[in-house]
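Asker: Mind the numbering: the sequence shown is residues 0 to 272 in numbering that gives the first Met the number 0, read in order.
Source of the hints: derived by calculation from the structure; they are not laboratory data. Owing to the predicted nature of the structure, the values given are computational and were not obtained by experimental measurement. Do not take every clue at face value.
Stated by the list, open to error - Label pairs and their computed distance ranges (CB to CB): (1) D233 / L148: 36 to 42 angstroms; (2) F187 / L38: 25 to 31 angstroms; (3) I203 / M39: 30 to 36 angstroms; (4) G29 / K114: 44 to 50 angstroms; (5) P113 / S64: 53 to 59 angstroms; (6) L159 / P113: 44 to 50 angstroms; (7) M39 / Q188: 49 to 55 angstroms.
Beta carbons: idealized from backbone N, C-alpha and C, even for Gly.
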Amino acid sequence: MEVEKRSRRGGFWIGTLPFLFTCWKLNLAGAMEFRLSFLMTAGMMFLNNIIWLLFWGIFFSRFPSVGGWELADIMLLWAVSAGGFGWANMLFGNFSRIAYLTAHGELDVYMTQPKPVLLNILASRMSLTAIGDFLFGLAIYVYVGDHSLGGLLRFLLALLMSGLFFLFFTLAAGSLAFFIGNAEGIAFQLFNGFLTFTTYPTDIFKGLGRMMLFTILPAGFISYMPIGLLRGWDNGFMFTAAAALLALTALALLLFYTGLRRYSSGNRMAMRS
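Model the full structure from these sequences, guided by the hints.
Answerer: Following this line, the structure appears as structure tokens:
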């Protein structure tokens with residue numbers, strides 16, 4: 000029985016990984032079909048992030064340190080936040096559209112295909128602006144990051160965890176549409192709030208606000224990484240962040256698959272989007 004279970008798991012990944020790579024290849028090919036639009040879209044997002052860092056540079060020219068945070072920490076904070084959001088939206092770009100697809104009855108096309116429903120939905124779209132975010136994160140790391148092997152591994156771990164926090168928090172928010180109907184508005188506001196707080200140093204928040212950043216709106220686990228991971232390995236923070244990420248993942252998957260059983264077909268003939 001155990002051998003059979005292992006064989007099934009192996010067969011799942013053997014069938015799923017080529018499917019994912021094919022989705023990513025086709026998404027990239029579609030983006031590159033209009034190269035000028037692709038370059039302008041990704042480039043404008045890269046430039047947008049640079050402008051925000053210029054504002055922070057002006058601020059730190061007057062106040063060299065705020066709560067122990069320096070300009071390099073803020074730059075790495077933006078690198079982790081933008082880079083994590085970037086790779087998640089490049090590879091699984093539909094995670095921010097779950098509420099829309101559910102409310103408009105557009106999940107039918109994914110449910111009728113012989114592939115894992117959630118992976119099929121998430122991997123079927125790539126965000127062009129996210130490519131600019133991801134490249135921005137890499138560029139900032141090259142500019143101010145720790146280029147030792149340990150520093151590189153910590154930065155890659157920070158990018159991985161940041162992207163997963165974005166993905167599963169937004170998936171959980173979008174899955175509310177299964178239970179309350181049209182949840183596009185609330186999902187969008189939750190996502191925007193989460194995104195905003197990942198770009199500010201955690202230590203400027205105190206009391207209830209700080210507690211919310213590590214519970215209800217867990218953006219603090221991303222925004223504290225320049226201190227708790229990139230400056231040096233903080234065992235307590237990393238253990239808590241890993242536990243929070245696992246809990247958030249379980250919650251998002253529970254909401255999605257429980258809600259999927261309540262989903263009513265939109266009876267629409269639609270293409271993957």
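Asker: Could you run down the list of hints and mark each one as holding or not?
Answerer: So, going through the hints one by one against the coordinates:
About 19 angstroms separates the C-beta atoms of D233 and L148, a value inconsistent with the hinted range of 36 to 42 angstroms. Taking 25 to 31 angstroms as the suggested C-beta distance range, the pair F187 and L38 conforms, at roughly 27 angstroms. Taking 30 to 36 angstroms as the suggested C-beta distance range, the pair I203 and M39 conforms, at roughly 34 angstroms. The hinted range of 44 to 50 angstroms is not satisfied by G29 and K114, whose Cβ atoms lie roughly 19 angstroms apart.
Range check, P113 to S64: about 56 angstroms between beta-carbon atoms, so the 53 to 59 angstroms window is met. Roughly 29 angstroms separates the CB atoms of L159 and P113, a value that falls outside the hinted 44 to 50 angstroms. The hint said 49 to 55 angstroms for the Cβ distance between M39 and Q188, and at roughly 28 angstroms that hint is violated.
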